[in-house]
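Chemist: Respectively, the protein sequence lines represent chains A and B.
Okay, so the first sequence: first residue is 68 according to the working numbering, each after it adds one.
Okay, so the second sequence: first residue is 68 according to the working numbering, each after it adds one.
Some hints could be false.
Given that identical chains are not distinguished, each listed pair holds provided it fits within a single copy or across any two copies.
What the hints assert, rightly or not - BS3-like cross-link-like pairs, simulated, lysine-lysine; straight-line CA separation at most 25 Å:
| no. | residue 1 | residue 2 |
| --- | --- | --- |
| 1 | Lys324 | Lys617 |
| 2 | Lys389 | Lys76 |
| 3 | Lys529 | Lys148 |
| 4 | Lys91 | Lys160 |
| 5 | Lys76 | Lys528 |
| 6 | Lys598 | Lys76 |
| 7 | Lys448 | Lys436 |
| 8 | Lys620 | Lys159 |
| 9 | Lys148 | Lys160 |
| 10 | Lys389 | Lys620 |
| 11 | Lys620 | Lys598 |
| 12 | Lys197 | Lys528 |
| 13 | Lys390 | Lys436 |
| 14 | Lys390 | Lys160 |
| 15 | Lys390 | Lys617 |
| 16 | Lys390 | Lys620 |
| 17 | Lys389 | Lys617 |
| 18 | Lys436 | Lys620 |
| 19 | Lys528 | Lys91 |
| 20 | Lys180 | Lys148 |
| 21 | Lys598 | Lys528 |
| 22 | Lys529 | Lys84 |
Honestly, the hints are just simulated from the structure, not real lab data.
In this text the structure is predicted, and so the values were computed from the model without any measurement.
2 protein chains.
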Amino acid sequence: MSETSPSLKEIFSEREKASQERLKTLRGYAYPRSARRYIPVPGTDYSVPSRTVSLTNGESVDLYDTAGIYGDTSAVIDVTKGAPLVRESWLKKRDDLRIVEGASEKCGISSAKITRESEGCMTQLALARKGIITDEMRYIAARENIGAKSDFFTPEMVREEVAAGRAVIPANVNHPEVEPMIIGRRFKVKINSNIGNSAITSSIAEEVEKMVFSTIYGADTVMDLSTGRYIHETREQIIRNSPVPIGTVPLYQALEKVNGIAENLTFEVFRETLIEQALQGVDYYTIHAGLLREFIPMASRRLTGVVSRGGSIMAKWCMFHKKQNFLYERFDEICDICAKYDIAISLGDGLRPGSIHDANDEAQISELKVLGELAQRAWAKNVQVLIEGPGHVPMNRIKENMELELEYCHEAPFYTLGPVVTDVAPGYDHFTSGIGAAMIGWFGTSMLCYVTPKEHLGLPKKDDVREGLMAYRIAAHAADLAKGHPGSTAWDYAMSKARFEFRWDDQFALSINPELAKRFHDEDLPQDCHKASEFCSMCGPKFCSMRISKEIKELAGK
Amino acid sequence: MSETSPSLKEIFSEREKASQERLKTLRGYAYPRSARRYIPVPGTDYSVPSRTVSLTNGESVDLYDTAGIYGDTSAVIDVTKGAPLVRESWLKKRDDLRIVEGASEKCGISSAKITRESEGCMTQLALARKGIITDEMRYIAARENIGAKSDFFTPEMVREEVAAGRAVIPANVNHPEVEPMIIGRRFKVKINSNIGNSAITSSIAEEVEKMVFSTIYGADTVMDLSTGRYIHETREQIIRNSPVPIGTVPLYQALEKVNGIAENLTFEVFRETLIEQALQGVDYYTIHAGLLREFIPMASRRLTGVVSRGGSIMAKWCMFHKKQNFLYERFDEICDICAKYDIAISLGDGLRPGSIHDANDEAQISELKVLGELAQRAWAKNVQVLIEGPGHVPMNRIKENMELELEYCHEAPFYTLGPVVTDVAPGYDHFTSGIGAAMIGWFGTSMLCYVTPKEHLGLPKKDDVREGLMAYRIAAHAADLAKGHPGSTAWDYAMSKARFEFRWDDQFALSINPELAKRFHDEDLPQDCHKASEFCSMCGPKFCSMRISKEIKELAGK
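Next comes chain A alone, as it looks inside the complex (with noise of 0.2 Å):
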């Protein structure tokens, strides 16, 4: 690496053997006045992984909860050996399901993996199209209604959103160490957290772990988005260990089995990729097969031009070579590895808008259109399909976005990175982006791609990830409770009535971060004493307003 100076080198390997060290003595995560909770799934002989907060006034509230094995204290966490298998006995029983030979040589997955590919290609879309509830959709209804008080979700509803297209279960047959959850708009607002090493820095180690506290803070899904070394290893580990679907950009290993020579591209080199990565486990792949090759002098008149890195990518390599885009010529052999081992696909948005000037624009538009045509087509073998989406847009034309999803791309989820609603605040577009994120959300996005802190400044670190996290699970909250979903409005309900009755305690431990709650309140008021006082350093005693609201309830009562 001719762009790291020595000393950068020190500071990595530095980093990258502490990481080694956190990851060898990693326990469950405890929050605070938490447990770990298997809530049965009626009917069956499994459950679904909830959060039980316990409050002080013996009530509880069930919180949905993505941490897998890394939530739970009792758990025995070893990453060399990898997380449970929570698929495998579902898969074991399926007759459609075959062994393939050779794949641990062939590929790298470890050995005491059995690698399996289905026959006749049964997605979870095609069984749900048979009218078949799946194992996965029991499981998921059962976890969408954790916290709320009735049954709202029912296995046959999830199974008629995915066979309409209006959902999508990342859960490729490779990856048993899953606990399967929807992306659909129906359901809660998933969050997406993006890991990944660049050529400049990260290791391995640090990947997993911020794979592990991307789980923790409450990622649904993660990107493993390496374009650095080590980039099938790094997968590896992270797939092996990962509670969550992993997605990726199969064209950022491509890029570098071609030494990041974008006209190098083939499609063989693709599709090799594409089987490596099926192998292995990947629940979804970003496959940028709707920029086609006459919107690229479209994009060469923006200000900002193509951000996207994939879609940047193959629109060098249609200029070279003169060509319309392999991926979009041979979307339907993509299809066929997908359906084989039910991965879904997310049509990339090469042609997203990088800047506010570019929302929107007629590039944008164009590809949005071919991507919905793409949709139809996956569909029509079976293959889950996902839409993203951007980006950049100012908040009046965020809605738009979402209106002309639904329509061009017939209803399929979207998911959208963002968007970032103003250019002028970087290391604050966790936050630009929130809002958007927000209102695309409540709008009818189904999965929002954090952006965090560093975005447009550098590869995020495992605090960038946290608090990436953080504002993507307020803006998914947000939109959940804009929706009326009623496990999350369950959850504000607690809090606000632990607020009201001044149970600090339960305050912090229904935070989204109770270690930063707790905190901030204890800057001032760090006693003991204080976690029951009816007042905070905010305004005091004589001037707390909710302190005199209890005095003039007990007034008004006599």
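Could you slot chain B onto chain A? The hints should help.
Modeler: Structure of chain B alone, referenced to chain A:
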């Protein structure tokens, strides 16, 4: 303070000393590549302040600048002497203004200052209605045009908006230090910074520092919400040094005067407080006159009761005395005082919801209707009016708040506190409320009252004030972009262009927080050579889409 242990007292005393030392050596704050420029106002002998950013490509960008003397590196700053008297010559030539004798003895006003009142109550509203364009209006029109290529805003437009009650110029005749600004929905969305001590913590020097840094970080107005010791002295120091309008809630000081016992409040004590603060130069008062006695039962049925401090104090008073709110009963007398000094009234929403559950309920909407009636009563006396708004509102009910405000309050400018869009994220309430603020700003709210990360947990310190302001500048700016404010659009354009052209130093300089943006970038690539690099550590050199985009543009050009 029985709640404060000796060790805390020591901590606070040390903090105060450090703050005093910093104030003694205060210099004008220099943003990178930026200089204060005074742009002449056509047809006058005065000028408006701008932060002019000189870019590395020879271009420059003018930004609206709230920092007053604290953003001018060539200025001599002495907080014991106060800020420059920007309006003094304008006030001197007015023939309606009379000197108030003995004000300094009566109220502890700096003896050097002339204290005035207007004979005939010539407020900006009165003058606007007479068709007079004041110096303040001329100044404001020029200021709103900063950064735009055209003179979109005219003095006549400013006059019209003020005359119609759709905009407010908060500028007490006793605050000659203020650099005039306007609050109205045709103009740039403004943000307010709340400062002020509580009975538990903070000192005069710390509050002056918070005011100074509020203006540096972009606060358009500052509210001094002190409820602790030395309220009068703290406010005097703040006003004399403030280039931005200062707001207060006079009820807080009135309550201090009756030793914090709400039942002992009288209109006489309140009126005395109003006059004391009027002579000091407070520019706007929050008055909780809309909380009627008959609304209290509605509030006591809520999940979180009354959460406005002023509201809870008045509710308690009403219940104890079994009488109507004296602020409502004596509202005309309050208006008479405000008219004399041109103090704007910000009608407080004492019944704003304190949780998502209570949003837009009967209590809140009943009070809003009364605020509309009071606005008309104030206008009848030529007093300028703002309407305060929530609070805690889920995203799907924000627009309704704006629409009802415009309808019931006859288009008086709306001034909201957030709203917070979820209750579960204490420690991130600058962000949970920033989402709501950006949305309601776009829908038509004229000023956004910031919320710091400490909201619901404790009294904000200097760093919390900064983070609250950053979040609110982002929210307000995003709203300006969505509304098409010319200067705001130009700022985003310049940033996006610098990004696409890899002018890293320009990106930092144009950032809302340049120091943070540079620090994040430099974590991985600190070397000077990387300030011209066509990549950052996020993707590394091979995968930079913007760099590839440039290559595509070149290819396309051939």
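Chemist: Could you work out which earlier hints the structure fails to respect and list their numbers in ascending sequence?
Modeler: Hints 2, 4, 8, 12 and 14 contradicted; others consistent.
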